[in-house]
Each structure stands twice: as structure tokens, then as C-alpha cells.
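Okay, here's what each chain looks like letter by letter:
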Amino acid sequence: MKKTILFFSCALALTAATSNSILIRNVTVHPITAPEIQNSSVLVIDGKIVDIGPRLAAHQGARVIDGRGLHLYPGMINAATNVGLAEIESLRDTVDLDEIGTFNPELRAEVAFNPSSEHVEVTRASGITSVITLPGSGARGGRGGGGGSVITGQGALMHLDGWTWEEMAVKPSAVMEMVFPVLNSGVPRQFAALTGAAATSFADQEKQYKERLQHVSDFFQNVRQYRQAKQANGPDFRPDLKMEAMLPVLDGKQSIFVRADRERMIKDAVAFAEKEKVKIIIANPRELGTAGPLLKEHHIPVILGKTFELPLHEDDAYDAPYTLPAEFYKAGVKFCFGTFDVEFARNVPFEAAQAVAFGLPHDEALKALTINSAEILGAGDMLGSIEKGKLADLILTDGDPMEARTSIKQMFIAGREVPLQSRHTREYEKWMQR
Amino acid sequence: MKNRIWFLVASLAFSLNAETILIRNATVMTVTKGTMQNGSVLIENGKISAIGKNINAPADATVVDASGKFLIPGIIDCHSHTAVEGGVNEGTVSDSSMVDIRDVLNPSDINIYRALAGGLTVSNVLHGSANAIGGQTVVIKLRWGKTAQEMIFEGATPGIKFALGENPKRQGYPAQGFGATGPAPERRYPGTRMGVEEVIRQSFLEAKAYQAEWKLYNEKVAKGEHAIPPRKDLRLEPLVEVLEGKRYVHAHCYRSDEILMLIRVADEMGFKIRTFQHVLEGYKVAKEIAAHGAGASTFSDWWSYKIEAYDASPYNAALMTKKGVVVSLNSDSDELQRHLNLEAAKVMRYGGLNENEALAMVTINPAKQLGIDDKVGSIEVGKSADLVLFDKHPLSGFSKPQKVWIDGHEYFDREKDIETRPEFEKKKKALQDKEAAAQPAPGRRRNGSGAAEPTAATPNQGDSK
Chain A
1 MKKTILFFSC ALALTAATSN SILIRNVTVH PITAPEIQNS SVLVIDGKIV
51 DIGPRLAAHQ GARVIDGRGL HLYPGMINAA TNVGLAEIES LRDTVDLDEI
101 GTFNPELRAE VAFNPSSEHV EVTRASGITS VITLPGSGAR GGRGGGGGSV
151 ITGQGALMHL DGWTWEEMAV KPSAVMEMVF PVLNSGVPRQ FAALTGAAAT
201 SFADQEKQYK ERLQHVSDFF QNVRQYRQAK QANGPDFRPD LKMEAMLPVL
251 DGKQSIFVRA DRERMIKDAV AFAEKEKVKI IIANPRELGT AGPLLKEHHI
301 PVILGKTFEL PLHEDDAYDA PYTLPAEFYK AGVKFCFGTF DVEFARNVPF
351 EAAQAVAFGL PHDEALKALT INSAEILGAG DMLGSIEKGK LADLILTDGD
401 PMEARTSIKQ MFIAGREVPL QSRHTREYEK WMQR
Chain B
435 MKNRIWFLVA SLAFSLNAET ILIRNATVMT VTKGTMQNGS VLIENGKISA
485 IGKNINAPAD ATVVDASGKF LIPGIIDCHS HTAVEGGVNE GTVSDSSMVD
535 IRDVLNPSDI NIYRALAGGL TVSNVLHGSA NAIGGQTVVI KLRWGKTAQE
585 MIFEGATPGI KFALGENPKR QGYPAQGFGA TGPAPERRYP GTRMGVEEVI
635 RQSFLEAKAY QAEWKLYNEK VAKGEHAIPP RKDLRLEPLV EVLEGKRYVH
685 AHCYRSDEIL MLIRVADEMG FKIRTFQHVL EGYKVAKEIA AHGAGASTFS
735 DWWSYKIEAY DASPYNAALM TKKGVVVSLN SDSDELQRHL NLEAAKVMRY
785 GGLNENEALA MVTINPAKQL GIDDKVGSIE VGKSADLVLF DKHPLSGFSK
835 PQKVWIDGHE YFDREKDIET RPEFEKKKKA LQDKEAAAQP APGRRRNGSG
885 AAEPTAATPN QGDSK
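Sequence lines, in order, name chains A and B.
This note's numbering puts the last residue of the first sequence at 434; the count rises by one with no breaks.
This note's numbering puts the last residue of the second sequence at 899; the count rises by one with no breaks.
Don't read these hints as lab results, they were simulated from the structure.
Among the clues, some could well be false.
Listed next, the in silico DSS-like pairs over lysine-lysine satisfying Cα-Cα at most 25 Å (straight line) [said to hold, decoys possible]:
id	chain 1	residue 1	chain 2	residue 2
1	A	Lys330	B	Lys706
2	B	Lys757	A	Lys430
3	B	Lys826	A	Lys430
4	A	Lys430	B	Lys756
5	B	Lys503	B	Lys487
6	A	Lys330	B	Lys757
7	B	Lys850	B	Lys706
Computed beta-carbon distance windows for the label pairs [claimed, not checked]:
id	chain 1	residue 1	chain 2	residue 2	range
8	A	His298	B	Asp537	20 to 30 Å
9	A	Gln433	B	Pro492	50 to 60 Å
10	B	Lys862	A	Lys330	14 to 24 Å
On a predicted model such as this, the values are computed, not experimentally measured, just so you know.
Glycine included, each C-beta is placed from N, C-alpha and C at the ideal position.
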């Protein structure tokens, strides 16, 4: 009994003394922005990385972690998910995606982020410390709504730790999500008869597509007029939430995250960005085609979706989705990875690994899971690498974090150690007892 | 048409192989007999004829230098809907045991080739999960370029699909969401898990009565009596085969209650469940599954896509293994079947199984579940030469298959695949040009970068999960 009390008070003392200082020693540090350093140390104070070097002294009362035989990486970032907004995909009551309406720029993902979602713990268990949470599912009006929204709302960069969404938000309103209009092929009459779909010609589809583009263009025109009216501040001026939300976009302070999966959509999206003079990020492209030089020339970054996909067309090379990231790399386009879902948000490192198997240099894949994501999302000064001054989002592993065989041993988010247990491990431990 | 070109390319590339092949200097991961560094495997007449350190190449042998590479048995998927032509669900009745997947195998489904390129050699092709008792199922070898008949795994016991839980009961209350079918036109019994149990019990009561009628008839005939044969019933025939152990039951399930329910119904009716499929809550009744002698074929890490998948845990495979169940990892997906080796690697993270236990999940264990472990599933002398050569360790995310053999025939070679691409593109272009010249339809662009969007890539055919 005495021992227990002694232990307990020690533990208390330890917690009190170390709440703001951690020294991780004897560890292989992978800063990402610099070559790996063997047998080094990283000092964390007040949630930030303060120093990196071989012989750092522990502050008095600092918590010292021996990283012998282990590796220290920055926490990974999944740059496109719906984590926090969707719990059980098939149950609409648990899903807060795809609001009704065509233009919803005023919607903010962070305010509906459920901090108690089981997906938070499950996702971080594989070494992911932050995610972008998007208000749209990307569904093209299919299952789960999608409702045909063009601007679905603002995505937030969220830490996967915190008591409230406010504490979790690293960068609220990080991006404005937009689903670029799609030009569908026509549905020939004989096919329509088989499927029950309405027969349409390609010309019809093209006409509708142009109308939709015009609709988008009109919306931007309205926002510009609103801005003028606001600046003029005349007696008739009334604030409008939708219009207000678009101002940072027009001012180039917020990028539009444009979902565009085909080569032509990518090109059309770039043309749109040029015309409207806005910054864009291309999201979830499924092919590059000849769009590489265009993206490079305009410095447009890309968030790649899942590598584990089927080829788009029956006659594509079997490995087309696997080689796509290497294709973007060779084209000189800056990119990072996302999964565009909830269920498999934790698998983003494996998606990157598959790209490595098919030609993407290993270190580029790691960058695309860390520093590139941070920079593309406008948080390059806070996250994505082990550098002095950055938030201490760190993972301690026994190997490459892109490998399923690797164990994630410990995780720190802004210097706080967070447990790696989840609903999954709890069920496991409980039922092993049976 | 494009399919046919694939066929040509494929058959040209793959017809020039020798019957005797020596694969040398590989890390040979036999799965059942350990791993051998710098090992050689000799293939003769489609079978593995020798495994060892120093095997001399017979005069006529093709020698494959596999230095630095890894050889594993062909990967086996215990739950697939690939190569099913059209829909996978005959969802209009609660017991569709009269229909057979064998009748609708499409040997030119491009997903067969894509899976082959991921090291898959055998698939258990199943009916969907729209009904308590679904259609008959078939085990195939991915002999790309062969006919449907030639793809069927010789001697493999045929199966039948059962389904419990949300999918079969969804027909009782047509609603949105994941599952087996599109919008159902009208409600169809059952709409509850209780009803699902009743359908299975009722069908087996009928099957037993039918079996008894035939037994009586055959006894009379044997005694030389004049007897009128019972009316043939194509729905009950396969269920009698189940009762007689001639047909395996592959039961789609999620929750522990329904798993236990089916075990008790099977006990009562006197048949066995061969595999529980998906079985995401198998970890809660691992003891009962093991006692029944059923295998469990699950997903590595799927969860939360519906309420019956909310208690899923990626530790399921490891836990069931530790409790004595033979566990395999399946795909249920045209996409996932392309990298089951990587799915297997996840059981090392989730539950701490070793490399061999991990690989067994996609090789020997599914072979055992399908009753074909005497022929495939490991690298052993006498077994079929179904082999995959990886460039790196097959449980590493950085690896990929280089060559795949089935029955000693090379069905996939990455280098050859890449070599044939320019020629293929040329042929494709020629066809497109020809079509464009034949139909100069204004406003309709078909080629190259300006192509109009077809619908999304070949989706999994509507069952899954």
C-alpha cells in the first residue's frame, strides 16, 4: 500500500514537473527538411520544438524519453478527409456532409467537428497528427447527397487531439472547397433504354456544362460587386454571409480546394483560376495527361487521392493509379496525399508507400505526407517537419511510418503525449479476456 | 473490342513459356515449411518438383534468376465478385440457391488481369449478399486468356453464399445506404435478423424432407420396386449437397449474435459452415467459431461504413487466430484484391502476428478454407506451381510482383507488360482513328486528352461489404 502511494505521488510529481519540457534522446531524427540524424535528441518546451542536436541537456524536471533503436518523424498529415464530420457512412444522422445549396462558402467544417468521434483516435493511431476536414464528400450528386453543390464550404486543418473543436483547430478555414463542374459524356439512346437513364447528346451535356461554368463565373462576379459595395459603404449596403466568406478567396488569402479528377477538368480549373485571379489547389486528380507543365508554370499544388484505385479506363495500364504520384513528381508539381474519406484516413501512409513501389522517390513520399501538406495548406511555419520553432507534432516509431509492419510507439501533438489506444484496441483487449 | 486486343497481347506474350522452369537464388517463403535464403524452385509439368539450395537446371529448363527477389505461393482471395457478368445478386427471393455464379463467369473481365498483376492466382467467386440463402459459388484460377470453363479450379468443392444481418434484411425495408442492391421495388421478407434465421431454418427443413423423399425413392429402386421419382427441385438440390458435405457454406455476417445463430441452426440441421465471411465481430465469438470448425475470412481494417461494422476492429484477424480459428483476409473488391499481400502485413501491426502468420492469411489459410490446401497455398513439392515473384519483401509496402505463374505457366510478367504498352497504344490509336474516320460526328470528341468522360472506372459490381 505504501509503495502504491509512493508510486502515485511520484507519478504526480513527474507529471507536474514535465508538463512543459520533453527531451527525446538517442533517437534517429528524420527532420524531413534535412537529412536524417542518427543518435540525436530533440528538446520540446511548451509544445514547440526548441532544439535538435546530439548532446542536448535535459532541463531540470524535463521528461526524458530514451529513443534508442527508434525513429522520430514529424506527425503525418492527411490533407483531405471528412474525419469529425462523418461517423457511420450509411447512417445519414451521423453524417454532416454536403449541405443543401449550390454555393455555401460560409459553412465552416470546424464548427461541426465532433471531438469525440471514434475516428479521431483510430486515425491518429497510425501516426497521423493532423487532418484536413472537408465539408463535402465529393459525391457528384450521388449517394449521400452531394446535392450538386459547387462550393461546399471551408475545410479546416485539425489536430487529432483536443477537448473541443476549438482546441483541435490548427488552422480553421484553411481552404475553400469547390467541386468543379463536370462535363459528362452523352447517354446514347440504346444505352439509356438499358439503364433507365435519360438519353442526352454530348452537345446537350456540353451546353449544360458551359451553363454551370457561367453560373460559377456569375457568382464570383457577384462577390466582386459585393466587395465594391462594401468598400463604398453606401446606405444600401447589407452584410451577407456568403459574400463575406468569399472575400479572403478574392484577396488571395484562402486557396480554393478544387476537386477535379480528369485532365480536362484540371485544365479548365486552371483557366478558371486565371480568369478569376484566385489561388487554387487541385484535389483528387485521377490522371495528369498533358496538364503537368500548366500546373508547374502556375505553381498550382495538388492533393493526390488514393493510390489504391482501379485504373480509370478498361484499357489503361494496370498500374496507372500506382504510377500517378511519380508522374506528378516528374512533372515538377508540388503535391501531398489525402484519402478523401473517413474510414481509411489512417491508411494515407500506405497509399504513399504504393507510389514508392511504382517509382516515386521514397523521400518525396515522406515529404508528401508531412512538409508538403503543411506548406500547401498554409501551415508550413507550424507543422510538417522537425525544425526549431515548429509545433512538436512527433511520432516515435520502430521503422518507416509508411510500412504496415512498423509500430507507432508514441505520439506527441503540440508537445502533449497522446494515447494510441482507440475503440479498436479497447475491443481487442476486452475480448482477449473472454 | 479493346478487350480483344488485350487478349491478343496477353496470349502472344504468355504462350511462349516453357514447361520446365528453374527459379534460382530467391528468398523462398514457403509459408508452411519456413523461408529459405538463396533457394531454388523447380517447376515441371505445372507442379513444383523440387525446392532446395542446389538444384541443377534440366537441359530444357528456362532459368529465372531471382537474386534479391522473394518467391511466395500464389495469393488466394476467399471472397471475390470479380469476373461475374452483370449483377451479383439474384435479390428477388429470400432463398436464391437455384442460381449459380458458374453460369455467369466472364473470363475477359479486365479485373482478372489486374488482380493477377497483384499476385492473385485463385479467387472464391461469390454470389451477393441480398438474401439469407444466396446463389451457388465457384473457385477459379486466374488463367487470363482462357475460357470461363478453363478458369474453374478443378476439383475444388463448390459453395453457396449465405448472408446475415443488414444486407438480407434490407430487402424488407428498402432504404438508402450501403449494401447489396439498388432501390428495391417492393418489400420482401425478411426484414429482421429473426426473419433471416427463419428463412434458413425453413429452407433446410424443406431440404431434409426432399432428401428423405429421394432416399426413399432410391431405396425402392434398389429393391427393384416400381417407384415414381420425386419432383426435381433446383432450389433444394444444393441445400441437400450442403447437408451431405458436398457443398461449402460461405456465410456473409457481421454481428456476433447472427454468427452464433447460424452456428446453432447448422448444428440443429446437421450441416457445417465452411467459412464465415467478413465476420467483423468474429472476435466476440471466436471460441464458438473455432469449436464449430469454421474458418473466418475477414477484412484487414474495414469498419464504420454501416452500424453493423461499427464494432469492427483490425485486431479481429489476430484475435481469432490466437483463439484457434483459421483466418484469411479477403478483398470483396476489384481493387483490394490487387494487393492482398499488403493487407496481410497489417496483422503484424494490429495484433503482432509474425511474417509467416501474416502471409498465411492470404495463402495457405484461404486454401484450407476452400479445401484446396493439398494443391495450392504453399510452396511444397507436388503442389501446383502457382507462384509470385516480388522485387522486395512481399509484406513491405514498397514491393510489387514481377512475375506470376499458375500451373507453371507464366501469366504475368511486369517487364513484358510494360514492353507491350507502346504497341498496344499504337493499335488503340489506329482503332480510334478508324472510328473517327468512319463517324465524323460533330461535337463528339472521342480521343486523347479531350475525351468526354465515360462513367467512373469499372465499379465493383454492387455487392461488397
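Hint by hint, here is what the structure shows:
1. Lys330/A x Lys706/B: Violated, at about 55 Å.
2. Lys757/B x Lys430/A: holds, 14 Å
3. Lys826/B x Lys430/A: Since the Cα atoms of Lys826/B and Lys430/A sit roughly 37 Å apart, the hinted pair is violated (cutoff 25 Å).
4. Lys430/A x Lys756/B: holds, 14 Å
5. Lys503/B x Lys487/B: Roughly 15 Å separates the two Cα atoms, so the pair holds.
6. Lys330/A x Lys757/B: Outside the cut-off at roughly 49 Å; violated.
7. Lys850/B x Lys706/B: violated, 45 Å
8. His298/A x Asp537/B: 20 to 30 Å: Since His298/A and Asp537/B have Cβ atoms about 54 Å apart, the given range 20 to 30 Å is violated.
9. Gln433/A x Pro492/B: 50 to 60 Å: Holds, at about 56 Å.
10. Lys862/B x Lys330/A: 14 to 24 Å: For Lys330/A against Lys862/B, whose Cβ atoms are near 23 Å apart, the range 14 to 24 Å holds.
Going through the hint list in order, the structure does not satisfy hints 1, 3, 6, 7 and 8.
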